[in-house]
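Asks: Read off the chains here:
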Amino acid sequence: MRKPSRRTLFLGFSVLLGLLLSGCASNAELDTLKPKGPVSREINTLSNWVFIAGGVVLLTIFVAVIYIAIKFHAGKPDNDEFPEQIHGNSTLEIGWTILPAMIMAVIAVGTLITHFAVNSTEANAMEIQVDGAPQNWEPTVVVVGQQWWWEYRYYLSDNITAADLKGVSAKDLPPADIVTSGQMIVPSGEEIELIITSRDVIHSHWIPALNGKRDAVPGRYSPWKIQADNPGVYFGQCTEFCGLSHARMRMQVVAVDNHDFQVWINNQMRPAAVPAGAEALVAAYRNDESATLPDNASAAARGAEAFISNCTSCHLINGVNDLSYTGANQVSGAAPNLTHLASRTTFAGAVLNLYNADGSLNRDDLSAWLRDPAALKDNASTDPIPRGMPNLGLSENTISDLVAYLSTLGPKPSMQQIHDTQVN
Amino acid sequence: MAIVEKPLSLDAADVVVANRPLGVLTRPKGGNGWRDWLSTVDHKKIGVMYGVTAMFFFVVGGSEALLIRSQLAVPNGRVLSADVYNQVYTMHGLTMIFLFVMPLAAAFANYLIPLQIGARDVAFPRLNALTYWIFLGGAIFLNSTWLVGGGGADCGWFCYSPNSGVIFSPSHGVDFYAIGLIILGIASLVSAVNLITTVINMRAPGMTWFRVPVFTWMMLVTQFLLLFALPVITVALFFLMFDRLFGSQFFNPDTGADPLLWQHLFWIFGHPEVYIVVLPAFGIFSEIIPTFSRKPLFGYSFVVFSGIAIGFMGWGVWAHHMFVSGIGPVSVAAFSLSTMFIAVPTGVKILNWIATMWGGKIWYATPMLFSVGAVTMFTIGGISGVTEALAPVDSQQTDTYYIVAHFHYVMFGGGVMGLLGACYFWWPKVFGHMLNERIGKVHFWLVLIGMNLTFGPMHILGLQGMSRRIDTYSAGFGFALWNAVATIGAFTIAFSLLVFFFNIWKSKKDATHLPKPGPDPWDARSLEWMLQSPTPEHNFDVVPEINGLDEWWHRKYGYDDDGKVIRIATVEEAAQKGDAINPHLPSPSFWPIVVATGLPLIGYGLIFNLWLAVPGGLAVAGGLYAWALEPTDDPDGPHGGHHDDHGDDQPVVVGAESNEES
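Protein chains in written order, with our numbering: chain A, 1 to 424; chain B, 1001 to 1662.
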């Protein structure tokens, strides 16, 4: 029994170790050991050191246990032969109390240095153009979590800080220049300060390649930061359990160079495009009057009409219902701002692709979502106060009109971005 | 007060019978049927009931674990809906912690503490029965939510506010969580008071603090942790219950509450809770490893003091569960440091156990295999814990499967494997026959391989970025392989449990034709092995005089002039015969179970209809009155020998005993 057992043990550990090493080499989008920015790299350096130190200690203890276990094996005692009865050794014991304390002290120094570096921010105001006027912008994004998607708010004209928001309810944030969801567009190479909060329960914002996580706590505005070395897409996942669709609350950071970032700002600052033929309808709606579409109206124009009659009690599109919008009929009081929906590449909390890999509109998922959101992503939309998009009972014609309208809310992102941001 | 400086001795037959006291109630007689189990106040029977209940809930919690692992075996798994998954993982955590590991540790504490300190029973025998019945009632109440509460709690065992509020969790699951844990907390709290009193007051003559066996020491530290931790969680649970049932606003951020209040209260309880789960195992290792190494524990006082140190330091690390919650960099730094340094006393223990094996003559019986396995698995969990203590590193690791791996190595690898080893070690003492060694070894290797297959890959998954508490995952994240392996591991553990049950059944069957194990089958060291197996109902015929640490071993062995160990007495000579005549034992009582029945009724009343709480309240109040009024003793029962140890001027047993029970 004994000898094969030891071999099994050894074999087991070798296999585990081998698997461990090969496992870490795999290419996971959320891998915590593949830093793509200075902050996460700093954490990774510390983590490498502690893994090495811990590994050495673990190996020492394992080798000691296995050695002792084999060397002093004696089997079931059949006589009164006893080994030497040692009750202890104070020098040794004080030694192995002090030694781990000293190892810990060394690790503690490294930890504190890294910890305060990760929690510091630098002044790195950048020059941007807002409505044609130059603006000195300290890159900051207000991150708001709610069940089960993330909102990103850009205050370009004023450098908002966490202190400015103290005491403000996250359901009542000051109007932002740009509001997007699921995808945060940032300039690469810049330190982006995040101000993280929530409109309902606690969530946690985590882009592993760029930094660790920070909880989104209702009533609090927690500072955090991210920084990407290079343009690219960095995946994230809500990591604080937030209820039913916690698993399906994701996000992406899309880092672009400064030029592309300015182009993105310019596009996002425009109100939504109104489809040809629906101008009169939208204008009338904004004046609280009614109007009808011409008989030969395009599908997109009919979609705008469907949006006005079905979606405006929750969703906001600048240029359509921004004058009358008072917040969503949701526990969080919010639904994604759809002004430039089609300029994003994912929807529904970054779990569904808005575009197929070939660049065409993902009509299937978008239609299915409009048909019955809960079938694609669990939600609590039938609660007295809903959480998540309800099934509106839309007809197939209405769905196809809405898809046509929503796809005009561009501009369409680059093929590169569509390719890099594909989720499955 | 139960101050018995010199416990009862039973060597003479000078019986003093008290007058029948006033009172309309009589104490029930002991017997062998179900009435005996319902009315028993015997710490051994209560310990067995704790153990059986705990193993039942191990099966329940284990089934929940298998559902979780089945769901996660492949990407986009749909064995359970998201809603049910959230309920199942919540109830898995609650069941395993509160209904399996804690009561299994309580089983050993109840059974062994009086034996290890040379006592007749615990300080308050009826209270001891009460704690078991309250625990059982709480356990049934908590799980009855599946049937009557609209499903289990769906907020995680940590149940963070405001996700625990009515808006976000409209079923009754969280109500059952709050009230169920309050009830279970009452049981643990009462038990803690009882066991602390027992250890402080009822040690055999000569058993000074540094002659107390390490298992009893670690249990004592555990009971102090319970004593101070449970009131904190109880306050938090009352807040939660009032928020949900009566519309108070303790945790509603819209009315100005700070949701982090719950987190602080929960983790001030929750972190000591980790040590509550693992310290009993530390005590078990400290009994088993010396026995099977044939050496005394290396550095007894270091092991005891490091256990006490863990008990104290365990209160200063709770916010390491909140490193990313936004409590500010300075407090994070402070808790990061305190957490790193709690590794020191833990490391000391591991090194002491290893040093105990050094130079020994090691016998790998099943209990020893489990203990050595558990120490090494715990070491893995301890070291992954150090990486998490580093706040910046933790900001990547927290709320990922890395944490799941870590605490399962600590709680399953250290705690549960330690307790399984304890089952094999003390089985003959409790049931009078050994568990089959060959099957036991198969059991051990299956558990060891199973747990490493299950929880080992979770380290990788966590570092790959797999979040905790997600009901499914996409194929694109590269999580599929290791989740599949973990699921295979989970079923291996489940199979090992079946092997264990088979062993229990087969060993009992074989016991009829195998030789009896005798009082001391392992050549062990502490007092319980001085007694016959199974332990006689009255424990000790004569309370032993304690002359040193490892008293029982020193009654068997001495040293010759060269300092070599020689046997001075056989087990048969040194052991007690278990033949005391008419030993005086605490009388059974039905009132503990009556009182305990009232609490779940009050719970259902709070949730469904306050009228239900009326019979519950009556059961509690009436039961307590009857408890107080029933005679403290059965005047017709045996009263043991003369009581010269009580002083000659105190002839009436009943008077003295009345103070001994609560």
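Note that these hints are calculated values from the structure, not bench results.
A few of these clues could be false.
DSSO-like cross-link-like pairs, simulated, lysine-lysine; straight-line CA separation at most 27 Å [stated by the list, open to error]:
(1) A:76 to B:1441
(2) B:1577 to A:71
(3) B:1516 to B:1564
(4) B:1516 to A:76
Asks: Each hint: holds or not?
Replies: Comparing the hints with the structure gives:
A hinted pair counts as satisfied when its Cα atoms are at most 27 Å apart, and residue 76 of chain A with residue 1441 of chain B qualifies at roughly 14 Å. Distance restraint check for residue 1577 of chain B and residue 71 of chain A: the Cα-Cα separation of roughly 39 Å exceeds the 27 Å cut-off, and the hinted pair is therefore not satisfied. Restraint check for residue 1516 of chain B and residue 1564 of chain B: not satisfied, since their Cα atoms lie roughly 30 Å apart, outside the 27 Å limit. Pair hint residue 1516 of chain B plus residue 76 of chain A holds up; C-alpha atoms about 18 Å apart against a cutoff of 27 Å.
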